[in-house]
Structure formats: C-alpha cells, structure tokens
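Taken in sequence, the protein lines are chains L and Y.
In case it helps, the numbering used here puts the first sequence at residues 26 to 279.
In case it helps, the numbering used here puts the second sequence at residues 27 to 121.
Hints listed in this document are in silico derivations from the structure and should not be mistaken for laboratory results.
Remember, predicted model here, so these are calculated numbers, not experimental data.
We put the CB at the ideal spot given by N, CA and C, even for glycine.
There may be inaccurate statements among the hints.
In the DSSO-like style, the derived pairs of lysine-lysine whose C-alpha atoms are separated by at most 30 Å in a straight line are [unchecked claim]:
1) 41(Y) to 58(Y)
2) 70(Y) to 206(L)
3) 41(Y) to 94(L)
4) 206(L) to 41(Y)
Chain Y stretches covered by chain L per the calculated footprint, using a threshold of three residues with CB under 8 Å from any CB of chain L [to be verified]:
5) 31–45
6) 66–74
7) 78–86
8) 96–108
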Amino acid sequence: MAHSHDHHNGGHVHHHGDHPHTYSQDPSAHNARMQSDDAYREGAVKQVEHDLDYYQVRMMALMNVLREKGLLTTDEMRRAVEEIYGQSPAIGSRIIARAWVDEGFKERLLADADAACGEMGVDTTGINRVVALENTDTTRYMVVCTLCSCYPRQILGQPPTWYKSFPYRSKAVTDPRGTLKDMGFDAPDDVELIVIDSNADCRYLIIPQRPAGTEDWTEAQLFQLVTRDSMIGVGDPLTPEQLEEAVQASGQAT
Amino acid sequence: MEETTFRVGDRVRIKEMYPDGHHRTTYFVKGKTGVVNRYFGKYKNPENLAYGGDGLPLRELYWVEFDINDLWDHEAGKKQDKLYIEIYEHWLEPV
C-alpha cells in the first residue's frame, strides 16, 4: 500500500459544548445539579451508542457491497481484521529491547529500520519507509501526524485515541513542551526537542534511552520496560522501580 | 551517489501554493525557510495517488528542518527546538 489515508470521524463529529459546574451550599441547587449531571450523562451515552450504531451499520453495509460484488470474501475480511488486531506495541518493544542490548543491531536500525525490523521477523512492507530515531541526553524526538493519523501500525499497533485527536495534532507543533507537560512529562530545558511531523511516506519509531539501573538486565527483562508512549516520544520507558510497582499492583488485582 | 535536486545542508523555502485537492504539505510550513537535513529517496506523488493515479513520475522526498520558533508568531518552544517534516521536491525552492 502506498499510503495510509486514515481520516477519522469524517464529517461526523459531535460537540457537546461546555458543561459548567456551579457549586452551592443550597441542597436543592445541589440536587438540581445532580439531576442535570445525570441527564447530561444519559445524553452522552445515547450519543455514543448512536455513533457506534452509525459506524457499525455503515461498515456492515460496505462489507456486504464488497461481498456481493465479489471483490472480497468474508474470510478475507475476517483475516484482515484479525491482522489489524494482531498488531500491538509489543512488537516495537521487542525491537527496542534488542537495540538496547545489541549495539550492532541499533546501528542497523538507525541506518535502515526496515531491514532491521526484517531481522526481527517484523514485516514492514505496508510502510514505505520506517525511520528509527534515538533519544539521547541532549536530543529528544516526539512524533505527530498533523494531517491525519499516520502511525507505524505494523510496529506499534493502532494509534491511541489522543494521537488522532485535534488537540494533540495542533498543540504538538505549536507548543510541544506544553503538550508533553499535559501528558505528564517534563522535557529538560536544555534538551533539543525535535517534533517530527509524520506527514508523508515515513513512519517513525523512537528509540528511548535505556533506563538507569538496568545494566545487567536481559533483553526479555528490558522488553517489559518499553512503553508505547516512549516509542512515540511522549514519555520515558518504565524505571525498574515502576515496573516492580506495576507487577505488585497486578499481583494484588488477581 | 544519486543526483538529487537538493543536497543536505541546502537552505530551502517551501512554496506558498494552495492547490485544490489533496496534498501533504502542511499549511504552517508554506512560505517558510528551512534546511534540508536528509534525502529519503523517490516516492510516488500522493497528490496523484489520492485520485486513483499511478503516482508517477516519482518525486524526491526530503526531510526539512525548521527552528520551531520560525514557524509561528508566538514562542512555540526553546530556541534549540526543531520541527522536521517530509517535503516533496516540487514544493521546494532554493533560497
């Protein structure tokens, strides 16, 4: 495929406007506010259900037309959907963990990312060109597609909702440091922050910095530290402490 | 080495064109001056592909680097902050 034109929500965007909260000591005002909140929530849920129905029906109609015209079979469509859902950020995490432990691999990844992905058994033929960029102490990259939602799906899976949102797409290029701050990350003042607008044929993979305290970690251990956001450039990988906390939290949950 | 229209290090201006229809040059770099910092190779022209064409002739694709503060009237970042964007040859003119 030459180009992924993924324009979402085309002409079907709903805006609910402001929903101001007024605070009052008066219990009747409080009750009125609660009722209005309930009504608001109910309306919002109805809207989401309507949207889901709308897209579901439109998608099924399109699939039926494709089937009837003999352009695609049910099985081909099922396999395509399964392939999309089979893509996940774990593919990228595997590549980053390898780059952290194998300097030669990292050099090849930076020089020719498609070939390096191929070495790892990751097929990037759906992407015209994969470009890997390495964060350092002095340079940090962050990726945005201001035009739509171009994203290295074969490596990172489907893009997160915020990546496709207008606020991220506009603020990332007009106030990148503020954007990172919104997402809970402070870029150091002296670092060179490079915003990559993924607007054409390339898809980008950020190689985040290997966390401190992982010098004797194996590739499989390091894999667990690589977050999706760190490969988009809007955050750092987990620290060993954060991973430990996450493991304990999930242990308590089960 | 492949002969290319522009070389790494060249100062270039993004043409201020507003053609009807699909193109991948974002409005906020039009008319702005930046520096070529990488050549990616030749790719099909999306302005033709978008309408079912074959995308030929292939177009040279460059990475153009801007100081992010040169793109906006407000202070968008620190003085060292940059924006890199992919631009096809027919949108570039030498400065």
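Status of each hint after checking the structure:
With a CA separation close to 8 Å, the supplied pair residue 41(Y) and residue 58(Y) stays within the 30 Å bound. For the hint linking residue 70(Y) to residue 206(L), the alpha-carbon distance of about 37 Å lies beyond 30 Å, and the restraint is violated. Among the hinted pairs, residue 41(Y) with residue 94(L) is inconsistent with the structure: their alpha-carbon atoms are about 44 Å apart, more than 30 Å. With a CA separation close to 33 Å, the supplied pair residue 206(L) and residue 41(Y) exceeds the 30 Å bound.
Check on the segment 31–45 of chain Y: 0 of its residues sit with their Cβ under 8 Å from a Cβ of chain L, so the three-residue criterion for coverage is violated. Residues of the segment 66–74 of chain Y lying with their CB closer than 8 Å to a CB of chain L number 5, which satisfies the three-residue condition for coverage. Check result for the segment 78–86 of chain Y against chain L: violated, 1 residues qualifying (beta carbon to beta carbon below 8 Å, three or more required). Coverage of the segment 96–108 of chain Y by chain L holds [criterion: at least 3 residues with CB-CB distance below 8 Å; count 9].
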